[in-house]
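Protein chains in written order, with this note's numbering: chain A, 104 to 450; chain B, 104 to 450; chain C, 104 to 450.
Keep in mind that the hints were calculated from the coordinates and are not lab data.
Worth double-checking, as some hints may not be accurate.
Since the list gives no way to pick one copy over another, a pair counts as held whenever it fits inside one copy or between any two copies.
To be verified - Straight-line distance between alpha carbons at most 16 Å, and here's what the computed EDC-like set of lysine to aspartate or glutamate pairs gives:
| hint | residue 1 | residue 2 |
| --- | --- | --- |
| 1 | K440 | D171 |
| 2 | K404 | E367 |
| 3 | K299 | D255 |
| 4 | K440 | D249 |
| 5 | K299 | D310 |
| 6 | K151 | D168 |
| 7 | K299 | D351 |
| 8 | K404 | E309 |
| 9 | K294 | E350 |
| 10 | K151 | E137 |
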Amino acid sequence: MHARRLSIGELAKHLGRSVEGDAQFAVEGVAPLEDAGPRDLAFVRGGKAAAGLETSGAGALIAPDGIDVGRRPVIRSPNPGLDFARAVAQLVPRARPEVGVDTSACVAPEAEIHPTASVGPQCAVGARSVVGAGSVLGPNVTLYPDVRVGSDCTIHAGVVLCEGTQIGDRVILHPGAVIGSDGFGYAFDEKGAHEKVPQVGIVVLEDDVEVGANTTIDRATLAETRIRRGTKIDNLVQIGHNCDVGEDVVIVAQSGLAGSTTIERRVIMMARSATAGHITVGEGAFVGARAGVIGNLAAGKRVWGTPATEERTWLRSMAALTRLPDVLRRLRAIEKKLGIRKRDPEQ
Amino acid sequence: MHARRLSIGELAKHLGRSVEGDAQFAVEGVAPLEDAGPRDLAFVRGGKAAAGLETSGAGALIAPDGIDVGRRPVIRSPNPGLDFARAVAQLVPRARPEVGVDTSACVAPEAEIHPTASVGPQCAVGARSVVGAGSVLGPNVTLYPDVRVGSDCTIHAGVVLCEGTQIGDRVILHPGAVIGSDGFGYAFDEKGAHEKVPQVGIVVLEDDVEVGANTTIDRATLAETRIRRGTKIDNLVQIGHNCDVGEDVVIVAQSGLAGSTTIERRVIMMARSATAGHITVGEGAFVGARAGVIGNLAAGKRVWGTPATEERTWLRSMAALTRLPDVLRRLRAIEKKLGIRKRDPEQ
Amino acid sequence: MHARRLSIGELAKHLGRSVEGDAQFAVEGVAPLEDAGPRDLAFVRGGKAAAGLETSGAGALIAPDGIDVGRRPVIRSPNPGLDFARAVAQLVPRARPEVGVDTSACVAPEAEIHPTASVGPQCAVGARSVVGAGSVLGPNVTLYPDVRVGSDCTIHAGVVLCEGTQIGDRVILHPGAVIGSDGFGYAFDEKGAHEKVPQVGIVVLEDDVEVGANTTIDRATLAETRIRRGTKIDNLVQIGHNCDVGEDVVIVAQSGLAGSTTIERRVIMMARSATAGHITVGEGAFVGARAGVIGNLAAGKRVWGTPATEERTWLRSMAALTRLPDVLRRLRAIEKKLGIRKRDPEQ
Chain A
104 MHARRLSIGE LAKHLGRSVE GDAQFAVEGV APLEDAGPRD LAFVRGGKAA
154 AGLETSGAGA LIAPDGIDVG RRPVIRSPNP GLDFARAVAQ LVPRARPEVG
204 VDTSACVAPE AEIHPTASVG PQCAVGARSV VGAGSVLGPN VTLYPDVRVG
254 SDCTIHAGVV LCEGTQIGDR VILHPGAVIG SDGFGYAFDE KGAHEKVPQV
304 GIVVLEDDVE VGANTTIDRA TLAETRIRRG TKIDNLVQIG HNCDVGEDVV
354 IVAQSGLAGS TTIERRVIMM ARSATAGHIT VGEGAFVGAR AGVIGNLAAG
404 KRVWGTPATE ERTWLRSMAA LTRLPDVLRR LRAIEKKLGI RKRDPEQ
Chain B
104 MHARRLSIGE LAKHLGRSVE GDAQFAVEGV APLEDAGPRD LAFVRGGKAA
154 AGLETSGAGA LIAPDGIDVG RRPVIRSPNP GLDFARAVAQ LVPRARPEVG
204 VDTSACVAPE AEIHPTASVG PQCAVGARSV VGAGSVLGPN VTLYPDVRVG
254 SDCTIHAGVV LCEGTQIGDR VILHPGAVIG SDGFGYAFDE KGAHEKVPQV
304 GIVVLEDDVE VGANTTIDRA TLAETRIRRG TKIDNLVQIG HNCDVGEDVV
354 IVAQSGLAGS TTIERRVIMM ARSATAGHIT VGEGAFVGAR AGVIGNLAAG
404 KRVWGTPATE ERTWLRSMAA LTRLPDVLRR LRAIEKKLGI RKRDPEQ
Chain C
104 MHARRLSIGE LAKHLGRSVE GDAQFAVEGV APLEDAGPRD LAFVRGGKAA
154 AGLETSGAGA LIAPDGIDVG RRPVIRSPNP GLDFARAVAQ LVPRARPEVG
204 VDTSACVAPE AEIHPTASVG PQCAVGARSV VGAGSVLGPN VTLYPDVRVG
254 SDCTIHAGVV LCEGTQIGDR VILHPGAVIG SDGFGYAFDE KGAHEKVPQV
304 GIVVLEDDVE VGANTTIDRA TLAETRIRRG TKIDNLVQIG HNCDVGEDVV
354 IVAQSGLAGS TTIERRVIMM ARSATAGHIT VGEGAFVGAR AGVIGNLAAG
404 KRVWGTPATE ERTWLRSMAA LTRLPDVLRR LRAIEKKLGI RKRDPEQ
């Protein structure tokens, strides 16, 4: 990936790190260690990963102390992955659209767009909605009435924010995300048919939340569905009505939370995992890929499978499962030897 | 949630119920029992739930006969959940946009928009499409040509209705839903490559259907994909081509129907459940969360797991699964005692 | 489905096949064998399927040599499914919108739209983006800056192509697909909070790729996420950053690839299947519905389950699983007979 030209010295200064070798070396690109060319910056962690250094064509590196990078310029860092991410942000800044409201956008007269915000082409901003300083609405975004978007947010193309949605600062919403759609709630009427329960609550996304493409977060029935500060949600995730997701939670792609789930802070939910409704997943718990949590989960637990089971138990069960046909055979052999009457008509 | 001011007496009259206590009491909000304040209406069912009444700050209630609510005004109801839903619809009516076509919308000259319908900003309505009386298209909605939307429908922002889609009355489509996308069908050509099978059928959504955010319903190959009256579909569900979903079915989030599935009336498919194609799920069947139905399922059956298994059998198998490592250990002990030759090289 | 009038003779000529019976017979519709009427064309494969011929009302047929279709006109074909698909494409051509840029579309001055392309209403095309000859953008499509769309592509309503996305020729993207959203990558900062790793790579979709409705394909962290020639992806699929999907792959609905997965050519991934990241699925492998592949998979393997297991082993394990409660009962009977001390406190 092409980058704007910056010297290793300038980068190191930005990162608060020191340089070994030619601080004037001009970086012109960023790449993974194995693909990097003579003008590219790459990074390497310690241990086995450092073996890739010898064959790498990278012109410059970010590496921990003590790793031999040959004669290449190197920024020394105790956390090369983090510093490389920060270097990329400097070298390949994402262009931001011009400030102001595109002439094709429809902004209701009572809406407030901060003069430093950008509203892209084909947007629709409803009555009394507010877009804060430095925030960007991409093309074809819809804000229903009474939405509040804080400052320095990025709301990508095609996102829909339904009535009353509240968005904090520095929130990123990827294309097609839907925030504030109705929860899925019905009562049975006198004839046993489904009658819609009005969903009149809202969704609140706190500061520094990120929501993936085509993810859906439903509004509460009466009060709030809340995603707390710093939580990151991947693509195609479903968050049901009345959920409360704590701070710094990670929810990987295609996962789902049924209604009224409480997820405490620093929980990690791997891809395609899910929870039943009206339960709590405790602080720092780890829910493995595809796991289905059907009851309260204590803080710090690691679970897999459905119903979600502690990691050790689950791994043993899974390993044993493929040996089950053999178990049946051995059992029959023993019963034969003991002269035990067959009770299983399928044998 | 703030509400418009209505007295308990007015509400009771609307619901066709009777009041005990001060019928002039003015409700100003709605809330769950545990959060409700002195001007809020809440509801309570009988049994254990009524225990929450003592500590609830709710100013007024909907409750069954015989439940002691203290000195608060109460609407007596045999079905408090249903009546509360209807009360909320009165107290917190969803604002509807102005009647008429927004000046930014593009409506093909041959399309027909009923004078009482609303077409929101940035919409595109194709040739010969029809929008019925009282229906609302939110912002950024797309109707391809030859779409028919009945009366009193709500088509939320960003929804796409492809060519020929037929929508009944009182249908609600949540943001980002796609109705009428091509089915997934290919034939192998002479060289073994995938050649697209044209998908020239349509989708029909009958009256009172509701479809969740970012759900996708594919058009039929030749005829119709049909979702029948009163069926409710949650977010991020996939309905394949040629499916026929009966009346009053419920399909919870992230479920999927493969092509040519028939779902009979009053089936319930819980979250993340799925069906293989070309099968029938019988009337009133219950498909548990994550279950995968791979063959015809008789009316009224309750199944879980993949392949979907009758509830009782499945629960016993799941419980037994975690004991499988112990089974292996015990089996070895028996074999040792009996002097049976080990055949399993892994032991 | 109504069709434009074509004679069986004209169709046969287009398909390069021969006719038996009245070549002047005018086809006016297409339908499945069981629904077809006297002016409809249907098709039939050999074997058991041919049994439906007797009761079918179809007026004309495509059928293999040697199948008796009565006195109806018939196009003889060694591959009736493929020829029927091609006949439908002739009989029911999809209307394409007028050439040119709709007056409501916003096209950045530096963008290039080929004079034979169509840009629909409410589109937004960013700076330096290119749309090739004969390509169609449906309504409400967003192209961010620096996107390249090749020739004869169909980009349906509401699709979002993020910065730098490269699309080949004859690509079809169904409504709501998001191509080029940020990958899901974070580094831990000094305080243990998640800091976003900039995602500055792109997505490349090669010629003849098809992507389903509301599917999401993430851009690479630094280089490319690539979907190769002829690959077909269904609805609501998630493709993580840095994936490389080979030629002529099929990925059915609601499946997911974690980041940095390599899928070799001609792999088939059935519905709701998934892969862990940083693995390779070998050429021609078959991944069953719901399977979860967690390690490298050799070419040609057929797997099911999670963790994905060879088909034969998996089927035996699944069959045995429902008999597990019986195994526990039998084991206890043996232990009792042998006087083995119970070690399982649950018994």
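Each hint tested on the structure:
{"no.": "1", "hint": "K440 with D171", "result": "neither (67 Å within a copy, 60 Å between copies)"}
{"no.": "2", "hint": "K404 with E367", "result": "within (12 Å within a copy, 37 Å between copies)"}
{"no.": "3", "hint": "K299 with D255", "result": "between (37 Å within a copy, 15 Å between copies)"}
{"no.": "4", "hint": "K440 with D249", "result": "neither (77 Å within a copy, 74 Å between copies)"}
{"no.": "5", "hint": "K299 with D310", "result": "between (32 Å within a copy, 14 Å between copies)"}
{"no.": "6", "hint": "K151 with D168", "result": "within (15 Å within a copy, 63 Å between copies)"}
{"no.": "7", "hint": "K299 with D351", "result": "between (34 Å within a copy, 12 Å between copies)"}
{"no.": "8", "hint": "K404 with E309", "result": "neither (26 Å within a copy, 44 Å between copies)"}
{"no.": "9", "hint": "K294 with E350", "result": "between (44 Å within a copy, 14 Å between copies)"}
{"no.": "10", "hint": "K151 with E137", "result": "within (14 Å within a copy, 55 Å between copies)"}
Of the hints listed earlier, those the structure fails to meet are numbers 1, 4, 8, in rising order.
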